[in-house]
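*Asks:* Listed below are the residues making up each chain.
There are 2 protein chains.
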Amino acid sequence: MSPTAIRYHRGMGRWEPNAQGRLVQAALLLYVERGFEQTTVAEIAKLAGLTERTFFRYFADKREVLFWGAGALQELLVSTVATAPESEAPIATIRSAIEAAGATFQERREGSLLRQSVISLNTELQERELIKLASLAGAMAQGLRQRGVPEPGASLSAEAGIAVLKIAFERWVNAMGEPDLPQLIRDTFDEFKAATSG
Amino acid sequence: MSPTAIRYHRGMGRWEPNAQGRLVQAALLLYVERGFEQTTVAEIAKLAGLTERTFFRYFADKREVLFWGAGALQELLVSTVATAPESEAPIATIRSAIEAAGATFQERREGSLLRQSVISLNTELQERELIKLASLAGAMAQGLRQRGVPEPGASLSAEAGIAVLKIAFERWVNAMGEPDLPQLIRDTFDEFKAATSG
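Residue numbers (our numbering), protein chains in the order written: chain B, 85 to 282; chain Y, 85 to 282.
Each hint should be verified, as a subset may be incorrect.
Since the list can't tell identical chains apart, any single copy or any two copies may satisfy a pair.
With a straight-line Cα cutoff of 25 Å, these simulated BS3-like cross-link-like pairs (lysine-lysine) come out [said to hold, decoys possible]:
id: 1; residue 1: Lys216; residue 2: Lys250
id: 2; residue 1: Lys277; residue 2: Lys250
id: 3; residue 1: Lys216; residue 2: Lys130
id: 4; residue 1: Lys130; residue 2: Lys250
I should point out that these hints are in silico values taken from the structure, not numbers from a laboratory.
As the structure is a prediction and not an experimental result, all values here were calculated from the model.
In isolation and in its complexed conformation, chain B is listed as follows (with noise of 0.2 Å):
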């Protein structure tokens, strides 16, 4: 195994007691150790010591293992835009979410940033994350109108979030050390209201 995939291990510390857990454990180190083309559900299934068929219960294809996070990381985000206070500013009301969420990242460095590994290294996979993005833009945007906030002024706060956290993230993954993510999207954020002000 290479160094990172160990780590991660030792990371990790054992295997996730659920089989979706173990199965997503298993698809990262092997995506990591052999390259995604290379790896087969069969192999990713025989790792986790589950069944092929097991796999197929969980996720639709070895893609989708790199994004099944997706859908709770959207309600994340939705639920604090709809529980924010009602006077928040709606910049406020979108940093709060992307906060929210990179706290939910930094719980979890190692697996992510074997993840992140992944997909810089495979197309599909990366318009796949774009395409995630955009979603949790428009998933935000919906909110604030919810919310009575008037478009584009909803679209644009959404987009600027999702910016901050796409270059706040790349700047965590890229980071030496012990790299705070929240702090990291807070710093970010400031940077991006004086480089757009200007």
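We have chain B; now place chain Y onto it with these hints.
*Replies:* Using the frame of chain B, we list chain Y on its own:
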């Protein structure tokens, strides 16, 4: 033919004189009439009065016909960034570049609308569109860095510009009458600033 396609045909007035332009026109007409998936390269070539072999001299596949302008668009953005006044704020430079891009879309509104209607019906084409937009942001950010603009300001300014282009373009596509894209881009930049500085 549909009313849109007839208007397009009338709007064009005549077939483009060069083979590449004719292939693009023929492809757009067929994609709108029959759907992207249902159209074959043979049909496109036939409508353009050319051979399949000629088609493949210009385009790798029928998807690429929809993105043939991306290279020129990127050059326009990059050269606008490169030739901006030295003292100009980075976000003002990005604004000029996006406005220049808007002017080229404005010149061929009918074709842009048809193209957009084809892309909006196909997830794979939408993903491709998003990755092209991400490349444009990357190219502009690189242009700013070459002018000495530090990160993350360079990337954030470029991402802001692409977010504005995306929203302004949507407004332009959905607007009735004779909307002016460069003007919509200027308005959207102002609204973006108002929305994100709150």
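*Asks:* Would you mind marking each hint as holding or not holding in the structure?
*Replies:* Structure-based check of each hint:
no.	hint	in the structure
1	Lys216 / Lys250	both (12 Å within a copy, 16 Å between copies)
2	Lys277 / Lys250	both (15 Å within a copy, 19 Å between copies)
3	Lys216 / Lys130	neither (29 Å within a copy, 38 Å between copies)
4	Lys130 / Lys250	neither (34 Å within a copy, 44 Å between copies)
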